[in-house]
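Student: Chains as they are written, first to last, in our numbering: chain A, 1 to 372; chain B, 1 to 362.
None of these hints come from the bench; they were simulated from the model. C-beta: ideal position from N, C-alpha, C; glycine also. One should not assume that every hint holds.
[Unchecked claim] Here are the simulated DMTMM-like pairs of lysine to aspartate or glutamate, each with C-alpha atoms no more than 25 Å apart in a straight line:
id, chain 1, residue 1, chain 2, residue 2
1, B, 116, A, 190
2, A, 277, B, 44
3, A, 317, B, 193
4, B, 288, B, 43
5, A, 277, B, 360
6, A, 191, B, 115
7, A, 317, B, 115
8, B, 116, A, 246
9, A, 103, A, 158
10, B, 122, A, 195
[Said to hold, decoys possible] Stretch by stretch, here's where chain B covers chain A in the computed footprint (C-beta under 8 Å, at least three residues):
id, region
11, 196-202
12, 361-368
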Amino acid sequence: MEINRRHFCQILGSAVLLPSLTLAADDASRSAKPKFASAAKDSAGQFHLYLIGQQGEVMLDHLLPGRAHHTEVHPQLPLLACIARRPGSFIDLVDYREQRLVKRIIAGSGRHFFGHGIFSDDGRWLITTENEISSGQGRVVIRALEANYPIIADYPSDGIGPHELVQQPGSPVLIVANGGIHTHPDHGREKLNLDHMQPSLLRLNILTGKRLEQQQLPAHLHQLSIRHIDTNQQGTTVIALQYQGDKGHNLPLVAVHHPGQPIELLRAPPAVNLAMKGYCGSARFDHSGRFAAVSAPRGDLISFWDLHENRFISSIKSRDGCGLAATGNSTEFIISAGTGRCLRHNLQRGTTVRLPSTIATAWDNHLATLPL
Amino acid sequence: MNSATKPLWPILLGASLLLTAVSVVHAAPSEQQWQSLNQSLVEEHILPRYRALQHSSAELAASTTALCHQPESVQLENAQEDFQQTMDAWQEVQHIQFGPIETLMRNFSMQFWPDKKNLIGKQLNLLLQQQNPDTLNVEYLYRASIGVKGLPALERLLFTSSVHQLANNSYRCQLSQTIAAYIAINSQATLDEWNNGYSDSLSSAGSQNSYYDSHQEAAVDMMKSLIEPIEAIRDQKILRPLGGGQVRPKRSESWRSQRSLRNIQLNIASIRHLYSGTTNSVDSLLRKQGRGPQADNINALFNRIEQQLKTVQTPLVTSLYQPETVDQLRQISDALQQLDRGLSAEMLTLNIQLGFNSRDGD
C-alpha cells in the first residue's frame with residue numbers, strides 16, 4: 001500500500017496537492033467505518049482475513065496461510081487476531097490501519113490451536129486454547145502483547161479439546177468450553193473418543209490459573225459437546241452445543257450457566273430444535289447482555305433467547321449462517337453466512353435486513369464487530 | 001500505533017482494485033436456467049418417487065393387515081414382497097433430504113440407520129416383551145422412540161418371525177401392522193405436503209411466500225441431494241461393513257432382507273437420474289457451460305460404478321467374507337470417491353456453494 005501511495009504521489013508530481021488530498025482522505029476515513037472482521041474462503045479456495053466497512057467495502061484483505069476460525073478485535077488498538085482452526089498452528093496479528101501483518105505467532109512445539117483466542121479486556125494479553133498433543137490435554141495459554149508476545153502463563157484447561165474461551169467483562173474470570181473431543185494431528189480432524197467424551201465448562205482465574213468452578217452435563221448427555229460460549233457482565237454463560245451421538249435423537253442444543261449452579265439445558269419448540277440438526281455453531285449475547293443468538297448452520301437457522309427468563313424467543317432463516325456478533329444496539333445482531341450473505345436482525349423490532357456486500361466469499365464460523 | 005493521522009485513501013483505492021479482481025467469477029447459469037432445472041427435477045424426479053413410495057407403502061399396510069387376518073406363509077410372503085417394493089421406493093428417494101421429509105423427523109422415522117447402538121433391537125424387544133395393547137396404534141408410534149416406527153423395525157418383524165409367531169392375531173403381528181400403517185401415513189403426508197405447498201415454494205422462489213430467496217438457492221438443495229449421498233453411501237453402506245481389517249457383514253443396510261447391494265444399486269441409479277435423466281438436467285447445464293468433457297467423465301464414472309456393482313455376489317451378508325467381494329467393494333468405493341470429487345468440482349462451474357459452515361464447521 002505504501003508503494004502504491006508513493007507511486008501515486010510521483011505521478012501527481014505536486015506537493016501542493018497533498019494537503020487537500022489528505023483532507024479529502026480524512027473525510028473518507030470518517031465516512032468509511034469498519035463494521036466487522038472475519039475469516040473467509042474465496043472461490044479459488046484461498047483463505048483471507050477481511051475487514052468490512054459499513055457499505056460492504058473491503059477495508060482490509062489479508063491472505064492467511066491456512067483456514068482460520070475466530071477473529072478477535074483488540075479493545076483499544078487497530079489490531080485483529082485471526083486464529084488457525086484445529087489443528088492449525090498460526091495466529092496472524094494484523095494492524096488494519098497500517099494494513100500490515102504485525103506478527104505471526106506459531107504454536108509451540110508439540111502444540112496446536114483450536115481456532116479460538118481472545119484479548120484480555122485490558123488489552124494486554126492474548127489468551128488461547130491449545131492442545132498438548134502428546135497428552136491430549138487442553139491448555140490455556142497467555143501471551144503478553146508487550147515485548148513481542150512471550151508466553152507468560154500456561155494453565156491446564158482441565159479437559160480435552162478446549163474450544164472457545166471468553167472473559168467475563170470487568171473481572172479476572174475466564175470461561176473455557178472444554179469440547180471433550182480428542183483429536184490428534186496424525187489423524188487430521190478425526191474424533192477419537194466419542195464414546196468416552198467428557199465435555200465441561202470451566203471458570204478460571206486468569207491471574208492465578210486457579211480453577212473456580214467446573215460443570216459437566218449429566219452423564220447420559222456426555223456426547224453433547226460444549227463448544228461455543230459467550231458471557232455477560234454477570235457471568236451468565238450461554239452455550240451452543242454440538243451433538244456427537246446418533247442422528248435422530250432430538251436433544252436440546254442450547255444451555256445456560258450461572259456461576260455456582262449446574263448447567264441448565266434450554267429447549268426450543270420441538271420443530272425448531274429438530275431443525276437445528278444436532279449442531280450449533282456460534283453463540284453471542286447482545287449489547288444489553290440479556291438476549292442471545294445461537295446459530296445452527298446445518299439447519300439454516302438462527303435462534304434467539306431471553307437469558308433473564310431462560311426462554312426461546314424466535315428464530316429466523318439464514319442459509320449456512322454461522323457467525324454472530326452484537327451491534328451497539330440492544331437486541332441487535334449481525335449474522336454472517338457461508339453463502340457470503342450477511343444479515344442484521346433486530347429482535348425488538350423483528351426486522352431483518354441484508355447488509356451491503358461487495359465481494360463474493362464464504363464467511364467462516366465467527367465474526368467480530370468493531371467498536372465504533 | 002500512531003497511525004490515526006495517516007490518510008485512509010490508499011486503503012480505499014486498494015480495496016476498489018481488489019474488488020475488481022475478486023468479482024470476476026465463472027459465467028454461472030441464470031435464474032431462468034435454475035428455475036427450469038428445478039421444475040424438471042420436481043416433476044420428473046422427486047414427485048414420481050414420492051408417489052411410488054406412497055403407493056407401495058399403502059400396499060404394504062394392506063398386506064400386513066391381511067397377514068394378521070390370515071397368518072399363512074403365502075400372506076407372509078406377500079407382506080415380505082410388499083416390504084421389498086416399499087424399500088425399493090424408499091431407496092430411490094432416500095437421497096432427497098430436504099423439504100417435507102424433514103418435517104417432524106420423518107426421514108429418521110422412515111429409516112433410523114445406521115443403528116450403531118442397536119437401539120432398534122432394544123426398543124423392539126422391550127415392546128415384544130411387554131405386549132402392551134396400548135402401543136398398537138399409530139398415535140402411540142408418533143410419540144414412540146425413533147427405533148420402532150420405521151422400515152428397519154418392520155424388516156426385523158417380517159423377516160425373522162415364523163408364521164407360527166404371527167398366528168392368532170399375536171401382538172407381534174399387530175405391531176407389524178401398526179408400523180406398516182405408520183410408514184404409509186408418513187409417506188402419504190410427505191407426498192401431500194409436496195403437492196400442497198412445497199412444489200409451489202420451489203417454483204415461486206424469490207417471492208414473499210417462498211422458503212427460498214432465489215431459484216439458485218433452491219438449486220443448492222437439489223445439488224446437495226445429488227452429491228452428499230455419494231459420500232454417505234460410501235461411508236455407511238460400503239466402508240463400515242468392510243470394517244477396519246475384519247469385515248462386519250451385519251453392518252450392511254437391510255441385511256436381514258438380503259438387499260444390501262440392491263439398495264446401493266437403486267441409490268446410484270436414482271442419483272444418476274437426478275444428474276441426467278430429466279428434460280432439463282445438471283448434465284445438460286454443464287454442457288451448456290462448456291464442460292462437456294467433465295460431464296462425459298461423470299457419466300463414465302456412473303457407468304463404471306453400475307458395472308462394478310453388477311459383478312458383486314449377493315447377498316452381501318455372506319459374500320462379504322470372500323476376499324474377492326472385499327476387493328470389488330474397495331474399487332466401488334474408490335470410484336464413488338472420484339464421482340464425488342468430479343461432481344463437487346463442477347459445483348464451482350455452476351457457482352453453487354453447497355455449504356461451508358454447515359458441511360465443514362468446527
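Student: Each hint needs a verdict: does it hold in this structure or not?
Tutor: Consistency of the hints with the structure:
1. B:116 to A:190: OK: residue 116 of chain B and residue 190 of chain A at ~18 Å, within 25 Å.
2. A:277 to B:44: Cα-Cα ~29 Å, so violated.
3. A:317 to B:193: 20 Å, holds
4. B:288 to B:43: 22 Å, holds
5. A:277 to B:360: 14 Å, holds
6. A:191 to B:115: Given pair residue 191 of chain A, residue 115 of chain B holds - Cα atoms ~19 Å apart, limit 25 Å.
7. A:317 to B:115: 31 Å, violated
8. B:116 to A:246: Given that 25 Å is the threshold and the Cα spacing comes to 8 Å, the pair holds.
9. A:103 to A:158: 29 Å, violated
10. B:122 to A:195: 19 Å, holds
11. 196-202: Violated - the region 196-202 of chain A has 0 residues with a Cβ nearer than 8 Å to chain B, which falls short of three.
12. 361-368: It holds, with 5 qualifying residues against the three required.
This entry does not satisfy hints 2, 7, 9, 11, going by the numbered hints stated previously.
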